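Q: Protein chains in written order, with our numbering: chain E, -8 to 402; chain B, -8 to 402; chain L, -8 to 402; chain S, -8 to 402.
Note that these hints are calculated values from the structure, not bench results. As the structure is a prediction and not an experimental result, all values here were calculated from the model. One thing to keep in mind: the hints can contain errors.
What the hints assert, rightly or not - Among the chain B residues that face chain L by a calculated CB cut under 8 Å, a handful are:
{"id": "1", "residue": "206"}
{"id": "2", "residue": "354"}
{"id": "3", "residue": "361"}
{"id": "4", "residue": "386"}
{"id": "5", "residue": "394"}
What the hints assert, rightly or not - Derived DSS-like pairs (lysine-lysine); straight-line CA-CA distance at most 30 Å:
{"id": "6", "chain 1": "E", "residue 1": "354", "chain 2": "S", "residue 2": "12"}
{"id": "7", "chain 1": "L", "residue 1": "402", "chain 2": "B", "residue 2": "333"}
{"id": "8", "chain 1": "E", "residue 1": "392", "chain 2": "B", "residue 2": "392"}
{"id": "9", "chain 1": "S", "residue 1": "402", "chain 2": "L", "residue 2": "-4"}
{"id": "10", "chain 1": "E", "residue 1": "61", "chain 2": "L", "residue 2": "402"}
{"id": "11", "chain 1": "L", "residue 1": "12", "chain 2": "L", "residue 2": "243"}
{"id": "12", "chain 1": "L", "residue 1": "354", "chain 2": "B", "residue 2": "402"}
{"id": "13", "chain 1": "S", "residue 1": "199", "chain 2": "L", "residue 2": "392"}
{"id": "14", "chain 1": "E", "residue 1": "354", "chain 2": "B", "residue 2": "168"}
{"id": "15", "chain 1": "L", "residue 1": "402", "chain 2": "S", "residue 2": "12"}
{"id": "16", "chain 1": "B", "residue 1": "15", "chain 2": "E", "residue 2": "402"}
{"id": "17", "chain 1": "S", "residue 1": "12", "chain 2": "S", "residue 2": "61"}
{"id": "18", "chain 1": "B", "residue 1": "15", "chain 2": "E", "residue 2": "392"}
{"id": "19", "chain 1": "B", "residue 1": "-4", "chain 2": "E", "residue 2": "392"}
{"id": "20", "chain 1": "S", "residue 1": "243", "chain 2": "L", "residue 2": "342"}
{"id": "21", "chain 1": "S", "residue 1": "12", "chain 2": "S", "residue 2": "-6"}
{"id": "22", "chain 1": "S", "residue 1": "354", "chain 2": "E", "residue 2": "402"}
{"id": "23", "chain 1": "B", "residue 1": "61", "chain 2": "E", "residue 2": "15"}
{"id": "24", "chain 1": "B", "residue 1": "15", "chain 2": "E", "residue 2": "342"}
{"id": "25", "chain 1": "S", "residue 1": "333", "chain 2": "L", "residue 2": "-4"}
{"id": "26", "chain 1": "L", "residue 1": "392", "chain 2": "L", "residue 2": "354"}
{"id": "27", "chain 1": "E", "residue 1": "-6", "chain 2": "B", "residue 2": "342"}
{"id": "28", "chain 1": "B", "residue 1": "333", "chain 2": "S", "residue 2": "-6"}
{"id": "29", "chain 1": "S", "residue 1": "-6", "chain 2": "L", "residue 2": "49"}
{"id": "30", "chain 1": "E", "residue 1": "168", "chain 2": "B", "residue 2": "342"}
{"id": "31", "chain 1": "L", "residue 1": "342", "chain 2": "S", "residue 2": "402"}
{"id": "32", "chain 1": "E", "residue 1": "199", "chain 2": "E", "residue 2": "243"}
{"id": "33", "chain 1": "L", "residue 1": "392", "chain 2": "B", "residue 2": "402"}
{"id": "34", "chain 1": "B", "residue 1": "333", "chain 2": "E", "residue 2": "243"}
Each residue gets a CB set at the ideal place from its N, CA and C atoms; glycine is no exception.
Protein chains: 4
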Amino acid sequence: MAKNKIVLAYSGGLDTSIILKWLKETYDAEIIAFTADIGQKEELDGLEAKALATGASKVYIDDLREEFAKDFIYPMFQAGAMYEGQYLLGTSIARPLIAKRMVEIARAEGAMAIAHGATGKGNDQVRFELAAAGLAPEIQVIAPWRLSEFRDRFPGRAEMIAYAEEHGIPVTASAAKSYSMDRNLLHISYESGVLEDPWYDASGEESKDMYLLSVSPEDAPDQPEYLELEFEQGNCVGLNGQRLDPLGVMEKLNELGGKHGIGRVDMVENRFVGMKSRGVYETPGGTILFTAHRKMESLTMDREVMNLRDSLITRYSTLVYNGFWFAPERLALQALVTESQKNVTGTVRVKLYKGNIIGAGVKSPVSLYNPDIATMEADPTEAYDQGDATGFIRLNALRLKVSSGVEQNNK
Amino acid sequence: MAKNKIVLAYSGGLDTSIILKWLKETYDAEIIAFTADIGQKEELDGLEAKALATGASKVYIDDLREEFAKDFIYPMFQAGAMYEGQYLLGTSIARPLIAKRMVEIARAEGAMAIAHGATGKGNDQVRFELAAAGLAPEIQVIAPWRLSEFRDRFPGRAEMIAYAEEHGIPVTASAAKSYSMDRNLLHISYESGVLEDPWYDASGEESKDMYLLSVSPEDAPDQPEYLELEFEQGNCVGLNGQRLDPLGVMEKLNELGGKHGIGRVDMVENRFVGMKSRGVYETPGGTILFTAHRKMESLTMDREVMNLRDSLITRYSTLVYNGFWFAPERLALQALVTESQKNVTGTVRVKLYKGNIIGAGVKSPVSLYNPDIATMEADPTEAYDQGDATGFIRLNALRLKVSSGVEQNNK
Amino acid sequence: MAKNKIVLAYSGGLDTSIILKWLKETYDAEIIAFTADIGQKEELDGLEAKALATGASKVYIDDLREEFAKDFIYPMFQAGAMYEGQYLLGTSIARPLIAKRMVEIARAEGAMAIAHGATGKGNDQVRFELAAAGLAPEIQVIAPWRLSEFRDRFPGRAEMIAYAEEHGIPVTASAAKSYSMDRNLLHISYESGVLEDPWYDASGEESKDMYLLSVSPEDAPDQPEYLELEFEQGNCVGLNGQRLDPLGVMEKLNELGGKHGIGRVDMVENRFVGMKSRGVYETPGGTILFTAHRKMESLTMDREVMNLRDSLITRYSTLVYNGFWFAPERLALQALVTESQKNVTGTVRVKLYKGNIIGAGVKSPVSLYNPDIATMEADPTEAYDQGDATGFIRLNALRLKVSSGVEQNNK
Amino acid sequence: MAKNKIVLAYSGGLDTSIILKWLKETYDAEIIAFTADIGQKEELDGLEAKALATGASKVYIDDLREEFAKDFIYPMFQAGAMYEGQYLLGTSIARPLIAKRMVEIARAEGAMAIAHGATGKGNDQVRFELAAAGLAPEIQVIAPWRLSEFRDRFPGRAEMIAYAEEHGIPVTASAAKSYSMDRNLLHISYESGVLEDPWYDASGEESKDMYLLSVSPEDAPDQPEYLELEFEQGNCVGLNGQRLDPLGVMEKLNELGGKHGIGRVDMVENRFVGMKSRGVYETPGGTILFTAHRKMESLTMDREVMNLRDSLITRYSTLVYNGFWFAPERLALQALVTESQKNVTGTVRVKLYKGNIIGAGVKSPVSLYNPDIATMEADPTEAYDQGDATGFIRLNALRLKVSSGVEQNNK
């Protein structure tokens, strides 16, 4: 009889290495190690060999960077998503893609389950599993950190290292970092360790080495750099005159943002599982894209469309943060967002300087801004009759006058 | 018989000087000149004499700065208001206060009308008049720029200057600026003139002299400066350990923000009267306050309260922008906002550096963040059982699985 | 040189007859009379001859009923639109269609303007003109009732009748009704006259003759009648097993609803132009459709999709009421609505009885309701583990406990 | 040493009787039986004796009806709450009150825990426990139906009856009903059993005996009955000229509604725990109150306040349904609602007839409806100039024209 198969989201770190081995033993199953290349860069080096050495029967390392940029990052940026006024959702948006590919592999391989190494306290477990539920309700999910038998077996790091050594799992002799991190094409997040104290200043000298994607504003060049972003229907399709696909855009923006100290955020946020936590993020390219996109919209988006879309950003962002990417309500919101972006086409010029993204001009072939109407000078088009404002104001004031009159009569 | 009286919102500029005289003649009325001191600084110098010289029968120059900070700016910042993702509403929030005082004066003086010099194309006319309607429906408003007889009399600047000279109105021999500006405690706005071209780069050398409240990031000190803001129930009540009233806070924050190149925004926005326009803003202190307030909330505000309040920011901001400050729906929203701020108490530390407001720590006696719960380490409080997450995720996934199953059956 | 042409929305009543003649004289133009057949029934009899007799150079009477049902009523009912909790928008939804056809005719005929007989106090003027603006910004609109020269010419009904007699305009010797009405496929609205007193009871004997589409509940049959409605993707496609197009559905539902005393609403509402007014509506078929559609959704719509859509009903309804049908924000909302209806397919059974639409069963091939999961009995599918609820509740309670604990510590 | 104490929400039914005994044995604790009188009527007869006979050490039967009406039902009806367009939240709103009193008793008695008999599949467990979490985070909750040891002990009804007989628990020899029910001052809900089939017609002869609060519309009197409701600030304070407290209002409305066949709803709804379920509700008085309240608002509530409040009904209703009554976000929303009701004062007249609540007039000393403004006749107050509408429409149309123009240029 064929053995059970489990597809494991594998990073090569201590946790998922241990889990790989533990799953194999516990479930008497073939473990298929899967790593999504979503822009972790050097973290991917040597992964395949390591997974095989640790006991994987098969290894998938799939380059999903283009899909990540095109089908996940871009639609989310069209929505103007930002969680709790600060976070650009760099980790949140990656999880559904990883889950999607895991499910595809599980189906292709005839695996009974997928497994991941996310803890029971974080958002990632939710994101993985809600995505899987929305895509493949029949597939089981194993989350060892939520299983008491696993937690009992590995109450601390010491037991994990002992287990690794015992089973010949290669453990990187990394100096234990005082925080954990997650990296992809959109960002790096840092949390835990010294960061758990919200009064701790993560912008200082002490934390300098933590940041991998950007210099600090203080260390950025003294010379500003101009950048032009070309948009079509809400998506950035070129930089400085050069047409680029979404992946190309993100890579170039990351390089520029990182160079100029752009996109660091240090915040306390509310996890879906109920507690607050402190996170530090580097999102150099995403921050430029976010800012430039808003500026492109300001010139080309109808006022009420913007008002409507803006009033839904909190909802959209919360859905993404909480892991409801493949949920029908996200799709319904996305339909609205897509419609809202039809006219968001043109060019934005920004100046990058020591952490700042300074607006330096915006233009569009489909601009809705008409200086002839807005001008305080005589209007050559006569599209606007100042006298019209009288009626406009009077009718807007009518209900206020009635209310106010009633109120005064009843004082 | 007593003469009619008209209370005029008077700035001392060419427009309201002309209007003062023109109203006096046209309506055969006593003109009471009123200027609200809401932080225009030197613009107020010599105003009283000028108004009397121009024909005013009486002059009010009222210091409303404290009221402006306490009853207008502060409640609005509790709401997290930002118009179209960029504008901190510096002009919008001042208009209702000016209108309120005009109405009070009009009632005290027995005036039949109030008048203002705002044009028929802008938002300010609406803000003045909706505020007046909500406070004193019986009082008439005269807006000369919307009257064809006035526009016919003054088709251009030349006619205005001629009229001024003819009537002995002192005209400041100011070098004609290539833009117009509006200043108060919260900000300066710039628009018109060269700014009407949205592709024009207002961050460059050419525009350097325009900015009065802040240096550019490039010209800001190379040395960062730390600042601690003390909050109580959503309001900033002290800086760097010193207790300050709202006016004191705003003045100090303006000084610090201006010094460090903070708070410039250059945007295209949608006016209530229907067209897009381009505005440039300097809001040094407000930008610090806005950022720090969000950080204070991140530590002390319940997740769902924040979600609810955030989902209403677009609506609240639009109300303020459009001039509905004294409208009952703004009061209803404010009641929600006030309730939402009950626990927003504590200290925020930021680092000011060349346009950046860098979070550098947050703490509170009523913090809702509990590192013992959030930690990925063992939880000493045992407030959180990782196994609980399994049920949490399963029930959240249930409807997704059902939907997905139905969908797959019907493919 | 060719004469100017004006397309007039013509009803055959006194007002538009007078206007036809007056426009012709005043603008020295050819008047093209246009009447949209949107279900007014007998009101259309003899219209063409009358228009020509009154001076129209050409007459269009276009049957738009199918388009009205399919492209206007149906999408609006998918949205669950109801204005101010009571009004099914029967008049509001018709105006954009009429304007659309007027604009088409104007373009085809090379007319310079369109004209209508709506007053300056109502919503219809706004709806006509905003629709025209959104479709054909170049076309001028003439609204005689807003022109002082027209109002001065016709200060009262006497002058209108005199003018009609003078110009040989046939005036129907109708007993002056004590209210005005507007009829189409979706409803009849009544307002003005005796109805202006909101304390007036329009459900009594005295008003009995006013209602044309329905009997009163008291006069409805003593015998209930069952009805099955078939839905596909949110649209009703059949009744009692018979497949029908949207027009057929509306006509049959009107007949059934009217017979059973269904769909009368008597309300005070807020007009877009700023005042409250009192209206009485008969919407027999629409009320059945509205109720049945909600019941269909209850079985087939995902919870969060419904929550999202429902939270936007106020906005959608206000847009339709205010005349923003052809506005980009309505299109964006509609995209969301369309997406939300994908699974709204199945059968609803209702019992019609003396004003009541009583739910009597609902079923669907794509039902999201699974009694095996919901049952309080043992669950044969084991899709639901009651123990999961513990974790679900605990994590939902976590933030409440933290807040509550902080509050108690600070009492 | 003192024994542990557990406060049990006790109904006297088989489930909570078994649970009483089982808790006592399992936890070796004193069981304090608590029953909230929230209007269950005869269900309360003999409860105290029964609880003591079953082993309770102490029994609380507290009359909470007045508090229920005043502090729970009334604020919720001010909000216009209705879940998923149909359900008036009769069960949902009672649970937090019960939990509040349980917690008070637990604190007064020094009990370590509270317990309830709600199942792991329903909403009530969530409502009880979230309320308790928000009020008393330190108190433990025991939910036997979610404990596998309890479910294993009582896999079916047979085991429960055997256990009851064995322990001398009095079991009512009730004919097993084919559904379960929950009754209070606001409603009775029915679910389970035959109702689990959503195609089952619960309006027919077969279900006739199920309904306890109302006759069917068919069986209601042939004679309509007029009713006047007096409102002050959104609360009903009197009926037919007689001043009544909230409890008195609810009781009288229940009587009248029940007599006239009002307030039955049969629906499929979405539970918070993730599945759809079918419920049938009788809410005779609440339905009258809901309808009349809306009519009172229509005359006295500002348009935009209504729009704002209405746009939040979905959110408010979902909070109540899901059990977040004592959550800070509900309090924030309630602050807005309270503010919105300030002017909702006056009299509503309705006609009750066979399931219908027919509006028959509304009046108010603070009415915002001014027929002189709304009338199509000449306006004696001249508060409204029809010409104003031109400017109003033009400025509202401006952005539509600009958008439309851009679109046409780019076709």
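Q: Next, verify each hint and record whether it holds.
A: Status of the hints after comparison with the structure:
no.	hint	in the structure
1	206	40 Å, violated
2	354	14 Å, violated
3	361	6 Å, holds
4	386	4 Å, holds
5	394	5 Å, holds
6	E:354 to S:12	76 Å, violated
7	L:402 to B:333	13 Å, holds
8	E:392 to B:392	53 Å, violated
9	S:402 to L:-4	27 Å, holds
10	E:61 to L:402	52 Å, violated
11	L:12 to L:243	39 Å, violated
12	L:354 to B:402	19 Å, holds
13	S:199 to L:392	45 Å, violated
14	E:354 to B:168	24 Å, holds
15	L:402 to S:12	38 Å, violated
16	B:15 to E:402	35 Å, violated
17	S:12 to S:61	35 Å, violated
18	B:15 to E:392	27 Å, holds
19	B:-4 to E:392	22 Å, holds
20	S:243 to L:342	28 Å, holds
21	S:12 to S:-6	15 Å, holds
22	S:354 to E:402	19 Å, holds
23	B:61 to E:15	65 Å, violated
24	B:15 to E:342	50 Å, violated
25	S:333 to L:-4	53 Å, violated
26	L:392 to L:354	41 Å, violated
27	E:-6 to B:342	58 Å, violated
28	B:333 to S:-6	40 Å, violated
29	S:-6 to L:49	96 Å, violated
30	E:168 to B:342	25 Å, holds
31	L:342 to S:402	50 Å, violated
32	E:199 to E:243	23 Å, holds
33	L:392 to B:402	45 Å, violated
34	B:333 to E:243	44 Å, violated
Checked against the numbered hints given earlier, the structure breaks hints 1, 2, 6, 8, 10, 11, 13, 15, 16, 17, 23, 24, 25, 26, 27, 28, 29, 31, 33 and 34 and satisfies all the rest.
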